[in-house]
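Enquirer: Chains A and B, in that order, are what the protein sequence lines are. Residues in the first sequence are numbered consecutively from 0, following numbering that gives the first Met the number 0. Residues in the second sequence are numbered consecutively from 0, following numbering that gives the first Met the number 0.
Misleading hints may appear alongside valid ones.
Intra- or inter-copy, both count: the list cannot distinguish identical chains.
Capping the alpha-carbon separation at 30 Å, the derived lysine-lysine pairs in DSSO-like fashion look like this [to be verified]:
id, residue 1, residue 2
1, K75, K26
2, K217, K15
3, K12, K251
4, K251, K196
5, K253, K217
6, K1, K164
7, K253, K1
8, K196, K253
9, K253, K12
10, K25, K217
11, K75, K217
12, K21, K251
13, K196, K12
The hints are simulated quantities; they were obtained by calculation from the structure and are not laboratory data.
Each chain is listed here by its residues.
Protein chains: 2
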Amino acid sequence: MKRIESEQNASVKQWKKLYTRKEREKKNQFIIEGPHLVEEALTHSVPIAHLIIDEDFVIPHTWNAHELDPWIVPKKIMRLLSDTEHPQGVIAICRMAEDNLEITPHGKYLMLDGVQDPGNLGSIIRTADAFGLDGVILGQGTADLYNSKVLRSTQGSLFHLHVVKGDLASYMKECQSQNVPVIVSALEGALPLTETKEAGPFALVVGNEGSGVSEDVKAAADRLVYVPMHGAAESLNVTVATGILLYELQRKAK
Amino acid sequence: MKRIESEQNASVKQWKKLYTRKEREKKNQFIIEGPHLVEEALTHSVPIAHLIIDEDFVIPHTWNAHELDPWIVPKKIMRLLSDTEHPQGVIAICRMAEDNLEITPHGKYLMLDGVQDPGNLGSIIRTADAFGLDGVILGQGTADLYNSKVLRSTQGSLFHLHVVKGDLASYMKECQSQNVPVIVSALEGALPLTETKEAGPFALVVGNEGSGVSEDVKAAADRLVYVPMHGAAESLNVTVATGILLYELQRKAK
């Protein structure tokens with residue numbers, strides 16, 4: 000039984016710093032919070048460096064199969080470490096996975112070119128997971144995967160799905176060399192999604208909330224597509240558009 | 000030229016109160032903020048009771064066709080009235096529209112059974128607008144349309160599209176009496192969306208983020224449908240699911 004009583008404890012101070020991207024990248028660690036995310040991490044063998052629970056937290060039976068040696072802390076320290084208004088009594092410090100995704104000729108991938116909003120990024124990863132993709136690649140300018148709001152919005156999907164940061168140009172080339180067509184969401188010069196013929200593996204690229212996909216990425220695409228709309232709204236939210244694109248690509252791949 | 004200098008001004012205090020749902024419903028008024036939303040309101044003839052600008056705000060030329068008699072306020076009052084971190088210099092106090100939607104035999108409608116999150120509600124309204132629906136009905140337990148976060152997320156779509164609060168049971172009956180099929184999003188006992196045959200008017204009902212659509216609503220449905228998924232995520236975000244459902248229903252209606 001390990002206990003921490005003081006808010007001045009060096010580990011507490013260190014863990015708290017993991018809410019900054021700089022510190023996460025320096026330590027290769029990130030924080031997750033709440034029983035649902037921690038259970039998902041345990042189930043999917045995410046390496047947990049530290050498990051921290053408050054005095055009242057009852058460890059679920061299903062966690063007993065894992066080697067747990069939790070730190071027990073008073074509620075005031077849990078509040079200090081938590082990023083939410085109502086801490087749920089459990090936090091884990093996880094180690095980041097290796098940042099490399101192997102592209103295969105039968106794979107289905109999603110690439111994000113500068114999706115900035117953490118809530119959008121989290122929901123997009125959850126959607127990619129729901130549609131059974133093989134990997135998600137976060138290009139430059141995309142929000143940090145380990146931001147606490149992103150982690151919450153994924154609802155644990157990042158533990159089922161291979162999500163990596165990477166250079167989109169290289170990954171696109173790699174896809175094309177494996178005959179995986181690169182399909183890019185765009186408005187101008189694009190084919191309506193309803194008319195696409197792709198019926199197998201794909202790499203779908205979606206872009207920034209305001210400016211869309213960058214010109215370089217569009218120039219390297221095998222096909223530009225858009226979601227046909229009928230109304231007065233100027234565009235769909237990037238998360239909704241991604242959901243519709245993945246639904247249609249997967250429907251045609253059946 | 001009308002000016003307000005004091006933060007103690009009675010109108011300023013009154014406008015500020017419109018950030019509470021109670022006050023909005025008492026006065027039948029709501030606040031919108033920023034040049035984009037105000038321009039959308041002007042373009043779509045939303046009745047504006049007061050336009051408030053700060054000393055530096057330059058009224059766009061395109062607004063000159065409208066009769067504007069703005070209040071000019073110092074920046075400190077604009078900050079007081081604003082709900083955002085970086086006020087954009089313009090706010091309008093609008094009058095609410097009448098709360099009644101006429102159902103027609105050729106209409107396409109979306110009904111929300113308790114969508115609670117303001118960001119979800121706003122994005123769903125924007126999506127309904129993008130797909131050219133004829134109206135959105137907000138059932139009991141749904142977030143308030145005039146909440147400032149909802150208004151921001153709609154990006155002005157509520158001014159192009161008829162959005163009303165109402166009793167879902169009555170609206171569903173009205174749809175059925177006009178031969179508009181009521182299609183309800185559900186997981187159990189439902190048909191995969193890919194297999195639906197509806198190819199004309201519809202009323203789609205989606206539910207609460209956690210508990211989905213209520214039993215009463217499901218029992219009254221003409222058809223239950225779900226979005227087929229392939230992966231490990233337990234469900235789609237309600238906004239993404241609504242986007243996919245509307246895309247497919249509109250695709251088949253072509």
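Enquirer: Next step is simple, just say for each hint if it's right about the structure.
Expert: Against the structure, the hints:
1. In the homo-oligomer, the alpha carbons of K75 and K26 lie at most 30 Å apart inside one protomer (25 Å), although the nearest pairing across protomers, at 43 Å, exceeds that limit.
2. Taking the shortest alpha-carbon separations for K217 and K15, neither the intra-copy value of 40 Å nor the inter-copy value of 46 Å comes in at or below 30 Å.
3. Taking identical chains as interchangeable, the C-alpha atoms of K12 and K251 are never at most 30 Å apart, the minima being 51 Å within one chain and 57 Å between chains.
4. In this assembly of identical chains, K251 and K196 lie within 30 Å of each other by CA distance both inside one copy and across copies; the values are 8 Å within and 17 Å between.
5. For a Cα distance limit of 30 Å, the shortest separation of K253 from K217 qualifies both inside one copy, at 27 Å, and across copies, at 29 Å.
6. Taking the shortest alpha-carbon separations for K1 and K164, neither the intra-copy value of 35 Å nor the inter-copy value of 54 Å comes in at or below 30 Å.
7. In this assembly of identical chains, the alpha carbons of K253 and K1 never lie at most 30 Å apart, being 52 Å within a copy and 64 Å across copies at closest.
8. Taking the closest pair of Cα atoms, K196 and K253 come within 30 Å of each other both inside a single copy (12 Å) and across two copies (18 Å).
9. For a Cα distance limit of 30 Å, the shortest separation of K253 from K12 qualifies neither inside one copy, at 51 Å, nor across copies, at 59 Å.
10. Neither within a single protomer nor between protomers do K25 and K217 lie at most 30 Å apart by alpha-carbon distance, with minima of 33 Å and 51 Å respectively.
11. In this assembly of identical chains, K75 and K217 lie within 30 Å of each other by CA distance neither inside one copy nor across copies; the values are 50 Å within and 44 Å between.
12. When the C-alpha separation of K21 and K251 is checked against a cutoff of 30 Å, the pair qualifies neither within a copy, at 42 Å, nor between copies, at 49 Å.
13. Taking the shortest alpha-carbon separations for K196 and K12, neither the intra-copy value of 54 Å nor the inter-copy value of 59 Å comes in at or below 30 Å.
The structure fails hints 2, 3, 6, 7, 9, 10, 11, 12, 13 (numbered hints given earlier, in ascending order).
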